[in-house]
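Q: Below are the chains, spelled out letter by letter.
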Amino acid sequence: MNSLKRIIIFGATSAIAEQTARQLVARGASLFCVGRDSSKLDAVVHDLQVRASSEQRVDGKAADLLDVSHHESLLDAAEDFLGGVDAVLIAHGTLPDQKACEASFEQTRKEIDTNATSVISLLTLLANRFERQRSGVIAVVSSVAGDRGRQSNYVYGAAKGMVSIFLQGLRNRLARSNVSVVTIKPGFVDTPMTAGMDKSGPLWAKPEQVAEGIVKAMTKGSGDVYLPWFWYWIMLIIRHIPEFIFKRMSL
Amino acid sequence: MKSPLSWNRIPRVQPDKIHRLGYRQATLPQESWPLLAYGNGRSYGDVCLTESGTLLLTRGLDRFMAFDRHSGVLRCESGVTLADILALVVPQGWFLPSTPGTRYVTVGGALANDVHGKNHHVVGTFGHHVRRFGLLRSSGERMECAPDRHEDYFRATIGGLGLTGLIEWVELQLMPIQSPWMWVESRRFGNLEEFWSLNRDAETKWSYTVAWIDCLASGSKRGRGIFLAGQHAPPQANLPSFKERSRRMAIDPPVSLINHLSLRAFNALYYRQPVNPCGALQHYQSYFYPLDTIQDWNRIYGRKGFFQYQCVLPPSVAQDGVAELLNTIAASGQGSFLAVLKTFGEKPSLGMLSFPRPGTTLALDFSNHGEATLRLLDSLDAILREAGGTLYPAKDARMPADLFQSGFPEWERFADYIDPAFSSRFWRRVTS
Ligand SMILES: Cc1cc2nc3c(=O)[nH]c(=O)nc-3n(C[C@H](O)[C@H](O)[C@H](O)COP(=O)(O)OP(=O)(O)OC[C@H]3O[C@@H](n4cnc5c(N)ncnc54)[C@H](O)[C@@H]3O)c2cc1C
Ligand SMILES: NC(=O)c1ccc[n+]([C@@H]2O[C@H](COP(=O)([O-])OP(=O)(O)OC[C@H]3O[C@@H](n4cnc5c(N)ncnc54)[C@H](OP(=O)(O)O)[C@@H]3O)[C@@H](O)[C@H]2O)c1
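Heads up: the protein sequence lines correspond to chains A and B, in order. In terms of the UniProt record's numbering, the first sequence opens at residue 1 and continues consecutively. In terms of the UniProt record's numbering, the second sequence opens at residue 1 and continues consecutively.
What the hints contain is simulated information worked out from the structure, not anything from laboratory work. Quick caveat, the model's predicted, so the values are computed rather than measured. Ideal Cβ placement from N, Cα and C applies to all residues, glycine included. No false leads were slipped in.
Straight-line distance between alpha carbons at most 20 Å, and here's what the computed SDA-like set of lysine to any residue pairs gives:
1) B:Lys2 to A:Ala195
2) B:Lys2 to A:Leu203
3) A:Lys206 to B:Ser3
4) B:Lys2 to A:Met193
5) B:Lys2 to A:Trp204
6) A:Lys206 to B:Arg248
7) A:Lys206 to B:Tyr104
8) A:Lys206 to B:Leu57
Okay, the calculated bits of chain B under chain A, using three or more residues with CB under 8 Å as the criterion:
9) 15-26
10) 61-74
Model the full assembly from the supplied sequences, consistent with the hints where possible.
A: Now the structure itself:
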């Protein structure tokens, strides 16, 4: 079991991350939150401060994570504030307009930079720090979409798939250093990211439900975690549909 | 997205758009007007509904902003529920000075209906404990309203039925407590006369008073019921343990499970439940929020929903008025599970449209049997009209315009403060 006392959250203004942060604070953790929009971040941080005890510390810093040149100094600031880091949760992301990406490589590159490159920059720095420390948890919110490319969102899927595979390798590398690498793969979650979609049907989960799964996975140091659990079975089937059939399906 | 309903599931109407608010700095939609905020849908009727325009769901505005553990001043976004607040502040020795009978209402909704609790005779309404709030108008203007700042908008928005704009955040003065437990005495009374004398005495001694009555009993038993008096318990060492059991009404029965037979049986049984005239400790959750343990209890009335009827009668005619209302209800045979009787205190409400005023309030719910139910409610209206009483907008899906206008004489002045983009089905109904 990992102890989650001092945690950095990237993308803290995301609905999933905010719910996770609340649950972590309720368990006595201190947090350093990074979010892009400073007024949203203030709202999130103030809320967490009210929920925290006087022993816990919560603060944050606004940063656009596309700007990878600031990643090192962000980590330094977080480590200073928390006095060491037990765990990191990376949750920022965007859901691309697939059609716009098909029409423009620039758009595609930007989405890949947000969802994959910026995450991998953070992971590169974190891996070395945690490897030296010989403990800790690195958790990243990837997606079931990264398990197989589909016509409706393969740019997003490719970026998330890259993150998932990168994490797989990292887990392998850091296993001997006692560092847990956790890949979170949510299915459909009712958040602003999916605002345009029809959310009826049993497959939709609430962010607080997913957050609960994230906290549990971070504590246990699980590897690949599908949230809610039934996505494991759905993706097992989807991964095993033969390509000659899959390519004709409209998914 | 499926259109949200209010608690009694009448009326079923669909707005053109549903817009979820997530962060305070968002601006209001500039098209698909009228706009209307929807908190947690715990109103019984159409104050939180519109059949055109855009419904703004406020539950996403659910962040605390600041809490001073020493002074008990709490500031939070308007979609925070009273349940969220209690979970945060009770362990730190604070409580809501005024709370309705469910904790699953938002702060914005509590303010917009200027809700009241069982301690109205001591503390007034929810609005009396609001220090300030932020109002976002459709023009984009943000107003901070307090008793000494934009005082007119302060008074218009408290009890303003969501019509003056979007309440973004609220600052409350909480009340100190020494224990999460209540000290509660319950007594049976055999008829209305006994109620009045018990109540007169209890109001001077207890901070919380309310009575449940068997609205089907008639003759010499008319108005029999159970009187509950309570106060926050002192700190004490030997507290019982408490674990809230929660159940859910998981299905929508095709017809109401509340009918003439089940009602009579329930009311008779409820009246005979053991009472505790010597007093006992009760956890605040089961004392204040007995219905909150059954999630979705409103579904027991079936798909057709139900009507809640909460009226207030002026002090001078209250005794006769309540008796007459009960006569009419008992004669109709349509009755209510939870008929609640309470006297309001003298403290004038702040809001231009606040419902609480000196007098007696009686609240009942009725299964929706269509015309027969509406006819009964019309005949109750006639008694109210005669007595100079009125109905609670938060619990209304059908009152005639005249009853609203005579009961809320400031309504025309209030109209000056309505945001031009905001309206509700309720407002159109009672002002047309
Ligand atoms: C079991 C039960 C017991 C109850 N007991 C009591 C009681 O004892 N006393 C009492 O007074 N009431 C009682 N009520 C009624 C309830 O307290 C009120 O209807 C309350 O206002 C509901 O709050 P809500 O958050 O669900 O708001 P909604 O019902 O969703 O909305 C209520 C009104 O508030 C407005 N509104 C909501 N949020 C905002 C916002 N952010 N900005 C502007 N306007 C807003 C809406 O437009 C609407 O006009 C009870 C209800 C139930 C279900
Ligand atoms: N919702 C789903 O169905 C679902 C399913 C699977 C996986 N996921 C993943 O879950 C994670 C959280 O998403 P969510 O559903 O909670 O949606 P969300 O609320 O929209 O959160 C996305 C967050 O990412 C932030 N972000 C985007 N680009 C950024 C950048 N360059 N720098 C810093 N922050 C940036 C956004 O910040 P702003 O607020 O400033 O825009 C926003 O807070 C994402 O990684 C998403 O891919 C979601």
